[in-house]
Structure formats: structure tokens, C-alpha cells
Amino acid sequence: GAVVSQHPSRVICKSGTSVKIECRSLDFQATTMFWYRQFPKQSLMLMATSNEGSKATYEQGVEKDKFLINHASLTLSTLTVTSAHPEDSSFYICSAVKSPGGTNEKLFFGSGTQLSVL
Amino acid sequence: QKEVEQDPGPLSVPEGAIVSLNCTYSNSAFQYFMWYRQYSRKGPELLMYTYSSGNKEDGRFTAQVDKSSKYISLFIRDSQPSDSATYLCAMSNTGYSSASKIIFGSGTRLSIRP
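In the order they appear, the protein sequences are chains Z and P. Mapping the first sequence onto our numbering, position 8 (from 1) lands on 281, and the numbers just tick up by one. Mapping the second sequence onto our numbering, position 81 (from 1) lands on 1518, and the numbers just tick up by one.
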């Protein structure tokens, strides 16, 4: 299957600092990637859609100035949590679409990043 | 009412048992149905996908969709400890990869006892 790499897998930071999370599609080009957050025992909540070469589309209630998304290449999207606070502590997961528009179009997920803000 | 309802479990069964995981939904427009497996602190992995009603089998796994009842199931035969994970159902009316339109269940935690 396709591989989507996410880094770091775990990060602990102090309140007020910014944290960058990377999401890479290793064996395919992804014009579209997605960012989710997941609280314990809860489902995935879509935060934003990251489009290569253009601005990200944020879901309702997600602060775009708080969660900066950059999709500068066809294989890399980054999520920066700015001025992180304890309530931002969560499991963040990215996903990428392989073969968009084709019969084998599928969504593949990264391994996730556990963010803990002290 | 949530669009997709899934019993969070945990569900604990002995090795070798048949496992039945289920979801109900309210949106009759859903046509694409998926099951993801998520190990602790990992991203979800697509396990099975089906279109509209019917059954699909892949090895020890069978996905079943009953659109008339708005009910989907995942059966695991000959369950093994390595099947222990959280299983998320997901569905969409636009495709398997239209992430902005995919609705996920909250996941069922499954534990297979050796």
C-alpha cells in the first residue's frame, strides 16, 4: 500500500511555543492532503484540507491563524500549531489521496503525532 | 443524533472467536462504506471498502452493508491477538477518498485474548 510518513511521532512543548508537524507522501504525489485531530476514544475530526500551491481550506470552528498549513510541494504538507496551549494537546493525523480521479483512488493516513503542551 | 453511531466497546473476545463490529447511520445518501483499523498511537489503515449494499470478503474479514436498515458490519473470523485494535467505520456519499465528506464512527476498541 501507499506510504504516508508523519513526523514527529511525539512532541512535548511548553505553552506558548510553536510546533511544526510534517506529512510526506513517500511513493506518490499528493495534490491534496488532510489534517485531523483525534481526542482519546473519539473519532477523527477533519481540521483542514491542504492543497498544493494554494491556501488551505479550514473546517468550521478551526482557527486558521492558530493552525498554519503549508503545502509547498506535491509530497509535503506541514501543520504548525502556533502559540500552543494545553488545550491543543491532541493526536494529530494527516492523510493523502493517491491516484485522485482514478478507479484506485484511496485515502492513506500518516502514523500520527501526539502533541502534549505543558 | 450523530450521523454515524458506533459502539465504543471495549469488546474482549477469546482468540479464535468470530467478531462482529457494527455501525448505524442516518444519512441514506451514503454509498461508500469503509472500515479502518487503528493501532494505538498510529494512523488508521484502510481495511475494507464496499460500495452500496452487499457483502465483500477478504481473507478473514467480511464487510456487510444493509442500506435498507442503514447498518454496516465487519466480521472477523478466527480472530487473533494481532487483530486487537480500534476499528473505525467510515462512510461517504462522494467516494472513498473525499476526506472532506467522509464521516467516521468513533471507533470500537477490540481486544483478542490469547
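Hint data in this document are derived by calculation from the structure and do not stem from the laboratory. Don't take every hint at face value.
Here are the simulated EDC-like pairs of lysine to aspartate or glutamate, each with C-alpha atoms no more than 16 Å apart in a straight line [as the list claims (entries may be wrong)]:
| hint | chain 1 | residue 1 | chain 2 | residue 2 |
| --- | --- | --- | --- | --- |
| 1 | Z | Lys379 | P | Glu1482 |
| 2 | P | Lys1507 | P | Glu1452 |
| 3 | Z | Lys371 | Z | Glu325 |
| 4 | Z | Lys314 | P | Asp1503 |
| 5 | Z | Lys293 | Z | Glu332 |
| 6 | Z | Lys339 | Z | Glu325 |
| 7 | P | Lys1538 | Z | Glu378 |
| 8 | Z | Lys339 | Z | Glu360 |
| 9 | P | Lys1538 | P | Asp1444 |
| 10 | P | Lys1538 | Z | Glu332 |
| 11 | Z | Lys314 | P | Asp1495 |
| 12 | Z | Lys293 | Z | Glu378 |
| 13 | Z | Lys379 | Z | Asp300 |
| 14 | Z | Lys371 | P | Glu1442 |
A few chain P residues that face chain Z, going by a derived Cβ cut-off under 7 Å, partial list only [stated by the list, open to error]:
| hint | residue |
| --- | --- |
| 15 | Pro1451 |
| 16 | Lys1479 |
| 17 | Tyr1533 |
| 18 | Ser1534 |
| 19 | Phe1541 |
| 20 | Ser1543 |
Derived list of chain Z stretches under chain P, where covered just means 3 residues or more per stretch with a C-beta under 8 Å from a C-beta of chain P [stated by the list, open to error]:
| hint | region |
| --- | --- |
| 21 | 295-304 |
| 22 | 381-390 |
Cβ coordinates follow ideal geometry from the N, Cα and C atoms, glycine included.
Checked hints:
no.: 1; hint: Lys379(Z) <-> Glu1482(P); verdict: 11 Å, holds
no.: 2; hint: Lys1507(P) <-> Glu1452(P); verdict: 30 Å, violated
no.: 3; hint: Lys371(Z) <-> Glu325(Z); verdict: 14 Å, holds
no.: 4; hint: Lys314(Z) <-> Asp1503(P); verdict: 26 Å, violated
no.: 5; hint: Lys293(Z) <-> Glu332(Z); verdict: 20 Å, violated
no.: 6; hint: Lys339(Z) <-> Glu325(Z); verdict: 20 Å, violated
no.: 7; hint: Lys1538(P) <-> Glu378(Z); verdict: 15 Å, holds
no.: 8; hint: Lys339(Z) <-> Glu360(Z); verdict: 12 Å, holds
no.: 9; hint: Lys1538(P) <-> Asp1444(P); verdict: 22 Å, violated
no.: 10; hint: Lys1538(P) <-> Glu332(Z); verdict: 11 Å, holds
no.: 11; hint: Lys314(Z) <-> Asp1495(P); verdict: 27 Å, violated
no.: 12; hint: Lys293(Z) <-> Glu378(Z); verdict: 28 Å, violated
no.: 13; hint: Lys379(Z) <-> Asp300(Z); verdict: 14 Å, holds
no.: 14; hint: Lys371(Z) <-> Glu1442(P); verdict: 28 Å, violated
no.: 15; hint: Pro1451; verdict: 24 Å, violated
no.: 16; hint: Lys1479; verdict: 5 Å, holds
no.: 17; hint: Tyr1533; verdict: 6 Å, holds
no.: 18; hint: Ser1534; verdict: 4 Å, holds
no.: 19; hint: Phe1541; verdict: 4 Å, holds
no.: 20; hint: Ser1543; verdict: 4 Å, holds
no.: 21; hint: 295-304; verdict: violated (count 0)
no.: 22; hint: 381-390; verdict: holds (count 6)
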